[in-house]
Amino acid sequence: MKVWPGVKTTTLMVVVLVAGTAWTATAADRDKLLNDPGVYGTFATFQMDHDWWDLTGEARVIAVSEVKGLIEQLSNKVVIESYLLRGLSDHADVMFRVHAHALADTQQFLTSLLGTRFGRHLVATSYLHGLTKKAAYVPGFPDQMKTDLKAPSEAGTKSYAIVIPIRKDAEWWALDQDTRLALMQEHTQAALPYLNAVKRKLYHSSGLDDFDFITYFETEKLDEFHSLIRALEQVKEYRHNRRFGHPTLMGTVRPLDDILELFAR
Amino acid sequence: MKVWPGVKTTTLMVVVLVAGTAWTATAADRDKLLNDPGVYGTFATFQMDHDWWDLTGEARVIAVSEVKGLIEQLSNKVVIESYLLRGLSDHADVMFRVHAHALADTQQFLTSLLGTRFGRHLVATSYLHGLTKKAAYVPGFPDQMKTDLKAPSEAGTKSYAIVIPIRKDAEWWALDQDTRLALMQEHTQAALPYLNAVKRKLYHSSGLDDFDFITYFETEKLDEFHSLIRALEQVKEYRHNRRFGHPTLMGTVRPLDDILELFAR
Amino acid sequence: MKVWPGVKTTTLMVVVLVAGTAWTATAADRDKLLNDPGVYGTFATFQMDHDWWDLTGEARVIAVSEVKGLIEQLSNKVVIESYLLRGLSDHADVMFRVHAHALADTQQFLTSLLGTRFGRHLVATSYLHGLTKKAAYVPGFPDQMKTDLKAPSEAGTKSYAIVIPIRKDAEWWALDQDTRLALMQEHTQAALPYLNAVKRKLYHSSGLDDFDFITYFETEKLDEFHSLIRALEQVKEYRHNRRFGHPTLMGTVRPLDDILELFAR
Amino acid sequence: MKVWPGVKTTTLMVVVLVAGTAWTATAADRDKLLNDPGVYGTFATFQMDHDWWDLTGEARVIAVSEVKGLIEQLSNKVVIESYLLRGLSDHADVMFRVHAHALADTQQFLTSLLGTRFGRHLVATSYLHGLTKKAAYVPGFPDQMKTDLKAPSEAGTKSYAIVIPIRKDAEWWALDQDTRLALMQEHTQAALPYLNAVKRKLYHSSGLDDFDFITYFETEKLDEFHSLIRALEQVKEYRHNRRFGHPTLMGTVRPLDDILELFAR
Amino acid sequence: MKVWPGVKTTTLMVVVLVAGTAWTATAADRDKLLNDPGVYGTFATFQMDHDWWDLTGEARVIAVSEVKGLIEQLSNKVVIESYLLRGLSDHADVMFRVHAHALADTQQFLTSLLGTRFGRHLVATSYLHGLTKKAAYVPGFPDQMKTDLKAPSEAGTKSYAIVIPIRKDAEWWALDQDTRLALMQEHTQAALPYLNAVKRKLYHSSGLDDFDFITYFETEKLDEFHSLIRALEQVKEYRHNRRFGHPTLMGTVRPLDDILELFAR
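Chains A, B, C, D and E, in that order, are what the protein sequence lines are.
So the first sequence is numbered by my numbering: it starts at 1 and just counts up by one.
So the second sequence is numbered by my numbering: it starts at 1001 and just counts up by one.
So the third sequence is numbered by my numbering: it starts at 2001 and just counts up by one.
So the fourth sequence is numbered by my numbering: it starts at 3001 and just counts up by one.
So the fifth sequence is numbered by my numbering: it starts at 4001 and just counts up by one.
No wet-lab data here; the hints were simulated from the structure.
Computed from a predicted structure; not experimentally measured.
One thing to keep in mind: the hints can contain errors.
Pairs of lysine-lysine residues, derived as BS3-like cross-links and limited to a Cα-Cα distance of at most 25 Å, are as follows [claimed, not checked]: (1) A:236 x A:168; (2) A:221 x E:4133; (3) E:4158 x E:4146; (4) B:1158 x A:133; (5) B:1201 x B:1134; (6) B:1133 x C:2199.
The following block holds chain A by itself, in its conformation from the complex:
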């Protein structure tokens, strides 16, 4: 990890509070935030415009350090994780996953970010919003399946993150709860073998953007993740996806410092 000359103390704080893989106030805090219902998650992706590279190296370093100060200020309201999409996605260079109790706080962070000298060169390419909720179908699952779902996944942050937004068709929502429960049980059964290798997280989007769900994945084993998606394509519930991806966002989990350094270089 690189330290910025002249902003050492700040950098130290930032590392603790926000950076992707390094956000470790405590691992427990992070897990709690990722598991609590009623939290808003925003996936915001950006492209760096071409003018950025016309700035002098010094101007880029100054611009980048401004971002760190900003994030420190807002760290009591929002939790920000950063991802490098550049080189893996044609949509965007950077993605932030922002968790907050109110989207107004997320908006404050993102507008502040866009107002920095760094942010003025960012072009927003997609914003997805979702809400975390208690599992809707799990209470109706068989006990063994519930136990299986509680098995801990491998410790540590995974290298790759993939975001797949989903819109269900009208027929899905018209199904009665029992039918949906049965379909989701089949879906979950297909996913069980991958619980350990692939961390999943679900956000509910209806009304907050053009999707019904945002599915978020982290894994070190992309081939296992691919097999998981293949398995999910083969269950009946998959037929009710009117849109699946478009965009599919893929990147690597990265401390913000790494990402900023890439653009300051």
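Given chain A's structure and the hints, the job is docking chains B, C, D and E onto it.
This is chains B, C, D and E only, laid out in the frame that chain A set:
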């Protein structure tokens, strides 16, 4: 609320006449305008181009103050509400909701706005137009439902605004009036629990843009709003939406002064 | 109406020959042109690029006057009507409706326009081409309906113009002529109440662009126009529209002088 | 062949060798090339960027003359026809139809073109590639139809050119050969009355771009061409078009000299 | 092959390690890499921006040589093949096919590339990712078909490369394994006659981008390739392609030196 140096009087006028949350000639006037049939509502969203930020701070302050003068001039013909979409929508930075008795007046406002030094940096990203009309189905609803619909929603302006345009399929329009009435009664029943937390307003668009309806929502509780949309997805009428969203526009209700200040900073 | 300093004579000619509401060589000539079969109609919409506003005011005035000279030159071959879309459409700032006996003449006008100092700042956003033809179904309608269709609409140019291009589905074209006649009779019956308030004109597009028809409307009463479209959505023929709008273009009928002045200001 | 400074003689040569309507090494050569199977046809359309017009007139003249030299060099490998789309298509300003025995030669021409000072201002908007093949269905047609198809169309180059790419649906390809033959016979029957007024040429695209066919038309009578497309929309084969147009490209056949002069002016 | 003045040694290395047709550490190594399962393949396409051409010739030569140094550094982790799409595809000028054991290595290469003075002028237009896997259906094929599939294709690198991404419909994935096996056997039978002329390679994409498969082809005979695709369109499996192409990418296999030289010129 900030006051611009040297334009105090003007600012005072503007606050009274137009700003988003602050537009309170009287709450009754506002409610009347929002409830009268035969009014045209335009949702106009804009992105600020990147050149804007190359202007000096002083030039931006001057440019912004020009907008305020303009809005004051036109305040007898159009009512303008402003929303900050930046940080929540990838489509746009700012949205105006303009109510007028004639779209020619709305056009005059928007062309004047685009002609200001501020407006020359705005890129129009979507214009939606609709007409307010008397409720088409409510007269056929049961009396209890009519009473429920009259229950006042919580006082005050809500923090978040969401705009979802809708295009119905041809089958919807081919249904006879009684069938549509029954479907709309089911739709309304599903929405009743959210009447208090979420304010709704309907605009009729057929022919005025590529949609049939524009649905506008205001709420302080986005989770309740999300639950409302989920409930509406589960009724039979939802199957007749050929397009729902695309774009879904989300922002926060803001006085114009706040928004302008953000871009002058 | 403003007159440009130093180009008085020219302006005078232009007013007579081309301007939107002012094109009145004689009202009879205009009506004839709008009613004759075998004429090509082109709807060309343009956005003004942002560089335009970086020109000095003087440079803009010179650029604009060049357009007037051009239109005068070509006025014996094409009839040009102008519309202001700015402030009502996110697609475009200006629309020209060009009628000519040959599209090569229309092309000559538009390439000449684009070659002026004004035109070099125009970005073409959509070109729609259609051909006027004798009414295909009217001869088979009942006599009363034919009489009704001949009733004159209100005199004078209407304020608003709306263009809705349409693509029919393959099933439509596969219907036999009698079935299509019956469906068009139902369609026409639904439109009759709006004959007076809304002027309509039909262009046939198949092969000339990606649509089958361009429908053009003029009205002072947008609410009546909206009701007309609603009525047309409810007849069986509407189910055979594979695409309806996309884009829907709305603007106000304006003399070219007014539009040019707006951009010279 | 041609060399620019001092240019008159040279120009004369160029007109003979490459220009759109004037390419007449011999009419027989041209016809042969247009009729031989196993030739690749590429339809490449370009927009001129706005920076072009910021060049001085002299710089534009120099840039344009470089193009002529290039085309001369490559004239033994590719045959290039040029079309002016500006003023008729919102997609593009210029289209080249390039015939070659190998697409590598076409690529060499187009990359060379893009590398000229003129070409650096061109933005490629669509490339369509197809292969000419022997008629697949004609051998199975009745003798009279075969005779009709051999009737010569009117001599001379037609003024207008229209390109409509087509993608068939999966059902089309799943039909057996006899059924497709019957459908194509009906299609051809509908087209017979227009053989004289509209020249047609078919390219096979599957795998070479996102379409299955490119249909190319030349005509002086656009109304006849429109009637031809209308007739083709009414036969059963039309139901198997998953995509028809999108884009539909329309322009006028023009010698390259005319087109280049338009941009040099 | 051109050699860059002053970078002779480097160039020599580069030729050995990476260039498209020239990558020949040994032909066996290359074949192995192209045939092993568990390898990630990325198809990354780029457009050169227009500012590039405003650089001096010298600046372009320096920028280009930086790319070569970079590729040499990373040659132990990724294998890079280069393709010229310019002049054949409207999507892009250049395509890289990158094979790596981890997408993080591919990302490192591409971000490094984008960070060079050359790369800062590249606009990413599409990234497709896939995983190579053991053949899923071949083990169930008849022995004769297995033997046929092992027949060697013509030696040497083919001139043209075509990439067609595919998304299957939900019905495909819902079929049982035996039905899919039968359909794939029919598909393979149709492809057998083209084994010699067209090299094929399959990548599995589900979850890694918006497709299920990426099919990659190399051939010297584009007409044979076209016939192959036509043959594949006529088997029943084709009906299960929800998306086929969009984009279809076509280019010529080229040593990186050739491509870089084209942009340095």
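Against the structure, the hints:
1. A:236 x A:168: OK: residue 236 of chain A and residue 168 of chain A at ~13 Å, within 25 Å.
2. A:221 x E:4133: holds, 15 Å
3. E:4158 x E:4146: Holds, because 24 Å separates the two Cα atoms, which is no more than 25 Å.
4. B:1158 x A:133: At roughly 23 Å apart (the allowed maximum being 25 Å), residue 133 of chain A and residue 1158 of chain B satisfy the hint.
5. B:1201 x B:1134: holds, 11 Å
6. B:1133 x C:2199: holds, 23 Å
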